[in-house]
Each structure stands twice: as structure tokens, then as C-alpha cells.
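Chains A and B are the protein sequences, given in the same order.
Be aware that the first sequence starts at 14, since it is given in my numbering, and climbs by one per residue.
Be aware that the second sequence starts at 14, since it is given in my numbering, and climbs by one per residue.
Careful: at least some of the hints might be erroneous.
Since the list gives no way to pick out one identical chain from another, each pair is judged satisfied if it fits inside one copy or across any two copies.
Restricting the straight-line Cα-Cα distance to at most 30 Å, the calculated cross-link-like pairs of lysine-lysine (DSS-like) are [unchecked claim]:
{"#": "1", "residue 1": "458", "residue 2": "216"}
{"#": "2", "residue 1": "220", "residue 2": "153"}
{"#": "3", "residue 1": "188", "residue 2": "174"}
{"#": "4", "residue 1": "373", "residue 2": "357"}
{"#": "5", "residue 1": "458", "residue 2": "357"}
{"#": "6", "residue 1": "369", "residue 2": "468"}
{"#": "7", "residue 1": "494", "residue 2": "357"}
{"#": "8", "residue 1": "373", "residue 2": "491"}
{"#": "9", "residue 1": "188", "residue 2": "283"}
{"#": "10", "residue 1": "277", "residue 2": "220"}
{"#": "11", "residue 1": "277", "residue 2": "76"}
{"#": "12", "residue 1": "76", "residue 2": "220"}
{"#": "13", "residue 1": "478", "residue 2": "353"}
{"#": "14", "residue 1": "458", "residue 2": "369"}
{"#": "15", "residue 1": "494", "residue 2": "373"}
{"#": "16", "residue 1": "421", "residue 2": "353"}
{"#": "17", "residue 1": "428", "residue 2": "349"}
{"#": "18", "residue 1": "373", "residue 2": "153"}
{"#": "19", "residue 1": "216", "residue 2": "277"}
{"#": "20", "residue 1": "458", "residue 2": "478"}
{"#": "21", "residue 1": "109", "residue 2": "188"}
{"#": "22", "residue 1": "428", "residue 2": "494"}
{"#": "23", "residue 1": "468", "residue 2": "491"}
{"#": "24", "residue 1": "458", "residue 2": "471"}
{"#": "25", "residue 1": "491", "residue 2": "416"}
{"#": "26", "residue 1": "380", "residue 2": "28"}
{"#": "27", "residue 1": "458", "residue 2": "353"}
{"#": "28", "residue 1": "369", "residue 2": "471"}
{"#": "29", "residue 1": "153", "residue 2": "164"}
{"#": "30", "residue 1": "485", "residue 2": "349"}
The set of hints was computed from the structure by calculation and includes no laboratory data.
Number of protein chains: 2
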Amino acid sequence: MENQLQIYNTLTRKKEIFEPINPPHVGMYVCGPTVYGDAHLGHARAAITFDIVFRYLLHLGYKVRYVRNITDVGHLENDTDELGEDKIAKKARLEKLEPMEVVQYYANRYHMNMEQLNVLPPSIEPTASGHIIEQIAYVKEILSNGYGYEKEGSVYFDVVKYNKDYNYGKLSGRKVEDLLENTRKLAGQEDKRNSFDFALWKKAEPKHIMRWPSPWSEGYPGWHMECSAMSSKYLGDRFDIHGGGLDLLFPHHESEIAQSNAAKGQDAVKYWMHNNMITISGQKMGKSLNNFITLNEFFSGKHEALDRPYAPMTIRFFMLQAHYRSTLDFSNDALKAAEKGMNKLFEIYNSLDRLKASAKSSVDVRKYEQLCYDALNDDFNTPILLAHLFDLSRVINQINSGKETLTKEDIDFVKNLMGTLLFNILGLRDDHEKDDSKLVEYLMKTILDIRQQAKENKDYATADKIREELEKLNIRLKDSKEGAEWSFV
Amino acid sequence: MENQLQIYNTLTRKKEIFEPINPPHVGMYVCGPTVYGDAHLGHARAAITFDIVFRYLLHLGYKVRYVRNITDVGHLENDTDELGEDKIAKKARLEKLEPMEVVQYYANRYHMNMEQLNVLPPSIEPTASGHIIEQIAYVKEILSNGYGYEKEGSVYFDVVKYNKDYNYGKLSGRKVEDLLENTRKLAGQEDKRNSFDFALWKKAEPKHIMRWPSPWSEGYPGWHMECSAMSSKYLGDRFDIHGGGLDLLFPHHESEIAQSNAAKGQDAVKYWMHNNMITISGQKMGKSLNNFITLNEFFSGKHEALDRPYAPMTIRFFMLQAHYRSTLDFSNDALKAAEKGMNKLFEIYNSLDRLKASAKSSVDVRKYEQLCYDALNDDFNTPILLAHLFDLSRVINQINSGKETLTKEDIDFVKNLMGTLLFNILGLRDDHEKDDSKLVEYLMKTILDIRQQAKENKDYATADKIREELEKLNIRLKDSKEGAEWSFV
Chain A
14 MENQLQIYNT
24 LTRKKEIFEP
34 INPPHVGMYV
44 CGPTVYGDAH
54 LGHARAAITF
64 DIVFRYLLHL
74 GYKVRYVRNI
84 TDVGHLENDT
94 DELGEDKIAK
104 KARLEKLEPM
114 EVVQYYANRY
124 HMNMEQLNVL
134 PPSIEPTASG
144 HIIEQIAYVK
154 EILSNGYGYE
164 KEGSVYFDVV
174 KYNKDYNYGK
184 LSGRKVEDLL
194 ENTRKLAGQE
204 DKRNSFDFAL
214 WKKAEPKHIM
224 RWPSPWSEGY
234 PGWHMECSAM
244 SSKYLGDRFD
254 IHGGGLDLLF
264 PHHESEIAQS
274 NAAKGQDAVK
284 YWMHNNMITI
294 SGQKMGKSLN
304 NFITLNEFFS
314 GKHEALDRPY
324 APMTIRFFML
334 QAHYRSTLDF
344 SNDALKAAEK
354 GMNKLFEIYN
364 SLDRLKASAK
374 SSVDVRKYEQ
384 LCYDALNDDF
394 NTPILLAHLF
404 DLSRVINQIN
414 SGKETLTKED
424 IDFVKNLMGT
434 LLFNILGLRD
444 DHEKDDSKLV
454 EYLMKTILDI
464 RQQAKENKDY
474 ATADKIREEL
484 EKLNIRLKDS
494 KEGAEWSFV
Chain B
14 MENQLQIYNT
24 LTRKKEIFEP
34 INPPHVGMYV
44 CGPTVYGDAH
54 LGHARAAITF
64 DIVFRYLLHL
74 GYKVRYVRNI
84 TDVGHLENDT
94 DELGEDKIAK
104 KARLEKLEPM
114 EVVQYYANRY
124 HMNMEQLNVL
134 PPSIEPTASG
144 HIIEQIAYVK
154 EILSNGYGYE
164 KEGSVYFDVV
174 KYNKDYNYGK
184 LSGRKVEDLL
194 ENTRKLAGQE
204 DKRNSFDFAL
214 WKKAEPKHIM
224 RWPSPWSEGY
234 PGWHMECSAM
244 SSKYLGDRFD
254 IHGGGLDLLF
264 PHHESEIAQS
274 NAAKGQDAVK
284 YWMHNNMITI
294 SGQKMGKSLN
304 NFITLNEFFS
314 GKHEALDRPY
324 APMTIRFFML
334 QAHYRSTLDF
344 SNDALKAAEK
354 GMNKLFEIYN
364 SLDRLKASAK
374 SSVDVRKYEQ
384 LCYDALNDDF
394 NTPILLAHLF
404 DLSRVINQIN
414 SGKETLTKED
424 IDFVKNLMGT
434 LLFNILGLRD
444 DHEKDDSKLV
454 EYLMKTILDI
464 RQQAKENKDY
474 ATADKIREEL
484 EKLNIRLKDS
494 KEGAEWSFV
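Pulled out of the complex, with its shape left as it was, chain A reads as follows (with noise of 0.2 Å):
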């Protein structure tokens, strides 16, 4: 099938065909979480949208390397009141609070998420405190190109000197006349000539528990920093994809754009790519309307906004739901109908192991291949493509009922389609096996009652049958006055 994948450029603002810088390399950058809390819907959105450009890419033959970053440097500060009161405390290192402590612990749990989902680990996942030297390098560059200016310890980027050469604001539409207009000075932004100019290194506060040495003082790198560094180092100045969520479009992607112009005369992205957000029964999501609901509470149930646990594999599903583009409004019954369709799908696929093939085919099941991959290759439209499966679902069900038969090639054809489509591509698994050691001891249960039902009907031959089964399968029976134990042998 011809390769016509088309993928919306946010800085074109239309689809334009997929045609990498350098063929079959593609280099994708994602902006990944900043680890001082747990994950919610909004960073499974921005996960799971990427997979699947990962994986289609993939399933297309392109070697892709994805570079998703974890944001470390962030903005604990140490209680020094508190701690001046103890002047053992301030001695002693294992006493203080230890950022990369708390990074480890959110990191450890984002990965957790990140594998419940089925997201598959990106080629390399830098850390923004990894890589300082080379964010230092790069505030460098642009400095020694005119774009910066060091002012009492802390480097700005200037906007207004920048907008003369390129155009800032190029991504997200807005206008340096209109933020000049829109803008107040704040507190603290004194050190700054326009209000807008941000931060490309911060000299650390004394509360300021992450701190690094540099030319100008010992501080911390801005925000918009580490993204453009780390992919300039591992995917080159210029690259093809790089992602995000919708809500980092300004100022951070914007502010990376001017950075890579400032530092190195071009730009690094070719496709800008942004995922929707999410809303909750139609609110934006946030912390103080309390409806900030975490994965793991997503797969607990442990939520008051939540009727019951949300496996992962339906939240997933639930995602792909919608086109990632689109806004997703979260609800219990959204959740609970995915779960349904989700379930549908793994039913029929499965079933097609048992379908019985006939001499003819009485339906065209062929034409789905390209009904699935032009949805696919139209932006990554899971919801269309996800409607094909239904469709193609409704033909097997068909067949399973005798109105419609299908050959062997057929349903061969259908099993590796839709397999190809759901697990590879889609990223899905039937997790029903998840449940499967509650389940093994409920079916053990009801064995068990069965075999005592029959021997006090005194029908020793299907108690004795049973025994041989279980031990076929290393499990031994121990009878008792109470009842049979069972054990592995």
C-alpha cells in the first residue's frame, strides 16, 4: 500500500504530506512530564497520541528515533527558617530535602502508568538536569548572536531584538505589538526589558535547592531550555516531529522556535504536532475545581468524581475514541461505553479462531484494509478508523450467525488485519488475563464444588476425572472433612 501519510502542521495550520528530512530516519521529540506529581488524563492524552505516531511510523518502515524528555529542574525550594533552627540539620545532607528524590519517586510511577497504558518507552528519555552543560552551551550561542542579554546573574531572551529578524509568534498566531500592549509589569520582573522576554538561565535564589554553576552565576536553566538543547543534541538542528499538548504551544513551543532561530539560524521543527486537552463533564481540568483525577486513581476507582475503577486498557481505548485534535470530554458513561466497544472488539477478534470458513466468500472483507489505513494515513484518525473495525465486526458477527460466509483466506486476511491494527498499531491489549489469579481461584472454587456435588451423588467416575484433569495440570487435591484443598504440586 503507498505511503501517503498526511500529518497537520501546527505551523502551517493545514495536513501536509509526511515526507521526512532525511528518509528512513524520522526524528520525533515529545515534551514529556515534569515529575513532581502524579500523572492524570491530560499527560495519558499526550502519551498515548504519540504512541501511535511512534508505532505507525514504525509499522511503515521509518527508523524512528523518539526522544521524550523528563522535566527535573524544577522549583523546590528548602524551608531555610525551619532548617535554621537545627544546625545539625543543615550539616547533614540526608536531612534535607533531596529533589531528585521526589523526581525518582513521580518517574518510577509515570513509567508504571506509562507501561499499564501500553506506551511504548521512547528511544531515549532525557533529563532536563542531565543536561545542563548543554543548555549552558546553547544560552551561549545565543548570546554570542545578539539574541540575549545577561542582567544581574540571569540571562533573558530578547523578544522585541528577535522580532526584528524573525517573527516571534509564528506558531501560535500572536502578535509582539499585541503582548506588548497586554502585558503589566510583575513583581520580579524588573531585571527584564520587556515583560515578555523570558528566561534562558535563572541565578538561583538562596532558597533555591537545584542549582548548578555558570558563567553568569549559580543558577537553574529556563523552561523553554532543555527541550531545544536536548533535541539539538540528539536529533540534530533540524528535525521532523516534534509534540506536545496543546496547552505548551505558547509560550513554550513558541519560545523554542525563537531560541532554535536565535542559536543556530533555523528552524529545528518541520511537523508541529499538538494533542486537544481534556475536560471533565465539559470544565477544564484543574486543581481547584476538584476534578483533577489521577491515573492511578482512574485504575483504582479511589475518586469521588468516579462511579467505579477504569482499567487502563479503557482509558486507552477511550482516548483513540476521539481524533487527537478534538477535544475529549471525560464522563463515567464515556468511559463505561468504551469499555463496551473495547470488549466488542477483542470478542469478535477472537472469535474468528473458531469461525468456520466456507468455499466462497459472500462479502467483500478486503476493501477494510484500505478503509483503515486511509484513516490512518489522514492525521492519525483513530475514531474513523475505529468505525471500520466496527463495521468490519458486524460482518463477522454475520458469518458467526450463517447469514454471510467467508473463506479461509478471508478470514485469515481479517485475523491479521485486525490484529495488526488493534495490538501493533493501536497499541491495545486484552486484559482480561490481568484479573486472571482472582479468576483462577473462583474457577478452582466452583471445580471443586462440582467434584463434591458429585461424589455425594456418589458419581465417583466425574470426581476422579476431575482430579486427573488437575493434576494434568500440576494441581494436587487434598481431601479433608471440610472439603478438598488444592495446591500446586
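Using the hints, position chain B against chain A.
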């Protein structure tokens, strides 16, 4: 129970009462993997040894900050000849080998292995490449104290100079005089004053990919430097425990001691701990001997030296059956015996729930608590601990068979003691559930066979009862001519 934990300190060559520098805090640093290949038994032994230390210290109520590094600054080189032929490739960042991609791949696999072995993640897992600034600062301190010298862009540690003020060799027992006699000039060592001087910073050869700017050259830190710099950053200039494999004792740990004295004027570590090596059928493990078996090969059974696959918990139990300071000889028979022993303990533990309580206890089970903790407190003597648990299991068996009796309270005591020791402290996990997916299929097949038989016997009551029981488990039966099919609702 009184805490009388004693730890064998490699530095003093004797067991010492464990007294943390700054209780209740404990700082522990362990040398982690070099992530350029899959983990093998040696990695597993170090990880499990210090996982037991970590778990037991947590159990004793200490606040442990456990740092285990990842060595990702390696020696990957570009093959310049090959690249030289293709000038486009030379320009394309994406077409070059990216060491961090290799690092990420093997780090992910290492983490997966650790999870399979139920090894707890450390509090902080810093990478060498992420701490170049800290390492450069450390080298500067050594230079300014006069214990290092620069030559041709590289910096070396002056062992002879250091040995005049301190004692190089106090950990390993080696003497500098002997080192002087026993070493020869090797190629590429011309820059050093003495062949046993070690690099603190190396100027990168043109082919070397991983390189960073420094005051001396574009290069990379010496191997011993990362552990000194990262332990100092996260645990302070003096901390409690430093662990690693015995193969790291010299020159790695010896050089760490030298570095910390040279830079900070004091030993960094109070207790040095070393786990012993693994032999395979009496031979040293090594790539050239073809007895180098990765953990993944153990888990899959795919290695000519293996009779069959071994579960991660079998590997873990096998390791715990030897004291960490003894060598441990691997063989198929030893692993099979370990598996059998472990399953026996799990079976006994699981049988406690079904154990019949009596009014009086005829045996003293309370004494096992002291015995077990005495073993742990004796330098983490897990084989002795397991011997006590096997003794206790024999007692439980006698109660099972009615030869001895226990009260409800004593049964609960045993349950609690065994559970804490087996699962919390020894970190074992009853993994029978792992194969449950297949088991569910077999059990369902057994149940459906019984139901089919019942229907053929016109025993519809049983057939219906089976259907009802399964429906409670959300399993739906669909009868057809070929027999019943089942699916989850």
C-alpha cells in the same frame, strides 16, 4: 526486639555493630550496572544483596536514602572509516550511532529484570552522564589539593603523592611498593607518572562519541570519578554504607577512597560491603568461557547450559540460600532444588489459613522470631534465616498431620512472622499467578468438559449450575454444535 545489627566491614575486616552517622537516617550507595549489555547473574547478586540490606534497614525503621547509579559514560566509538565514505551520513545526526539510545535500551531492560526479581527501586538512580559538572568540580578539588596532575588534556590521580599522606591500598590490602614492582609500562600510558595512576578526566580521542567540555579538554570523566561525585552530591561527604561486588574492590573502590580523601580530607564511607562472586559449575563466569548467561536467558531457558527456564523468584531464592559474602556456584540442580524449597515454604505459608487451631500449643513457635532476626542481624545471614524457616515449616507440617497443636494466637503469630520475613524482608513473591492466563484456559476447558459430560448424562441440574456459577464471574457460555464457547461479558 533490640536492634543489634552487625555488618561485616571490608575496610576493618570484621563485623561491627551498625551505628548510622546521623540516625534515623541512613545513606547507602551501591555501584549499579554499566548499561551496554543485558544483566547477568552477577548483576542480580549485587542487586539482591543490597535489596535485602535496603529492605531490612527500612524494616528496622531507618529512613534510608538508597542511591544506585547507572554507568552510561562508556567507550562507544564511531567507526570513522566507514562514515568517511558517506559524507551525507556524516552530517546527519540521526544516522549516527547515538550512545544514549543504547543506554536507554539496556537501562529499560535492566529495570524490567529488577522488577521481575522484585528488587525495590533505589531512592535515586543518577547517571554518570547527567553529572559531568559535579565530576569536573570534584576533579578540580583534587587538583587544588595537589593530588592530581594534568597532561595533554587529561588529568591523572597521583597515587605516589597521595600515598605519602594517606594510605593507598587500605581497603584491598595492596601496597603501593608491590604495585610499583608488578606493573609494566603499557601502550598509551606514557602520559602518566606511574602506570597505576588512574585517570580523573580523559581527553576524548577523535573517534570517541561521548564528550563534554572541561577546563582541560573536550573529554569524559574517569571511571572511578562518578561514584565519588554522585555519592557526595546525594549523600554528603560522609555517609553510612557503600556496597558493590567484590570485583569492584580494587581498583574501583580503593580509588574512590583515595579520591574522597584527596578532595575532602576524609573517608566518605563508614561501612564498606561487598558481595562475593558467582561461579558456574565451579568456573568463573566469563564471555570467553561461554557460560555467561543473562537473566533473560534464565527466565526463557534459552541457553545451552540451561536444562529449562527458571522463574525470577527461583533465581532470587537461590541467591538467598548462600550468604552474600560466600561464593555461589550455579548449576541446574541447585536451581531446581531452590525452586522446590521455595515452593515448599509458600505452600506451608498458604496452608496456615486452613490450619486448625487448638486450645493449647504443644510446641514453642515463638522462639523462631528471635532465631530469625538473630540471623538477619548477623550480617544479613539469609541461609541461616531460611534454615530456621524450614525448621518452622516442619513444625507446621506436624500440626497439619495432627501430631502437634497450636492455638489461634500462635498460628496468627507464625503467619505474621513468615509473611514479614518471606515477602517484606527477603522480598520473595508467590509468582504462581504469573502463568494464570494459560491456567484459566485449561480450567475453563476442564469445566466445560464436565458440563458437556453432565449434559450427555442428562444431568441438567449440574450443567445449569455450572452456567450460573460462571455467570457470576462475568463469563458467558454460548452453546453450539461443536460444544460450548466462553467469553467475558
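* Asked: Between residue 458 and residue 353, at a C-alpha cutoff of 30 Å, which is it: within one copy, between copies, both, or neither?
  -> both (28 Å within a copy, 25 Å between copies)
Go through the copies and call it for residue 485 and residue 349: within, between, both or neither, with a Cα cutoff of 30 Å. between (39 Å within a copy, 19 Å between copies)
My question is about residue 491 and residue 416: at a cut-off of 30 Å on alpha-carbon distance, are they close within one copy, between copies, both, or neither? between (50 Å within a copy, 18 Å between copies)
Up to 30 Å between alpha-carbons, please classify residue 494 paired with residue 357: within, between, both or neither. Result: close only across copies, 23 Å inter versus 44 Å intra.
| field | Copy assignment of residue 478 with residue 353, given that the CA separation must stay at most 30 Å | value | Close across copies (27 Å), not inside one copy (37 Å); limit 30 Å.
30 Å Cα cut-off: does residue 188 pair with residue 283 within a copy, between copies, both or neither? within (22 Å within a copy, 61 Å between copies)
- Task: Please work out whether the CA atoms of residue 188 and residue 174 approach to 30 Å or closer within one copy, between two copies, in both situations, or in neither?
- Result: For residue 188 and residue 174, only the intra-copy Cα distance (14 Å) is at most 30 Å; the inter-copy one is 64 Å.
- Within, between, both or neither, where residue 373 and residue 357 count as close if Cα-Cα is 30 Å or less: within (26 Å within a copy, 57 Å between copies)
For the identical chains here, do residue 373 and residue 153 meet the 30 Å Cα criterion within one copy, between copies, both, or neither? Neither: 71 Å inside a copy, 80 Å across copies.
Practice prompt. Evaluate residue 458 and residue 478 at a C-alpha cut-off of 30 Å and name the case that applies: within, between, both or neither.
Written response: For residue 458 and residue 478, the Cα distance is within 30 Å both inside one copy (16 Å) and across copies (13 Å).
Check residue 458 against residue 216 for me: Cα-Cα at most 30 Å, and say if that holds within a copy, between copies, both or neither.
This pair counts as neither: shortest intra-copy Cα distance 66 Å, inter-copy 68 Å.
Q.
Cα distance capped at 30 Å. Does residue 373 pair with residue 491 within a copy, between copies, both, or neither?
A. between (53 Å within a copy, 26 Å between copies)
Of the numbered hints listed earlier, those contradicted by the structure are 1, 18, 21.
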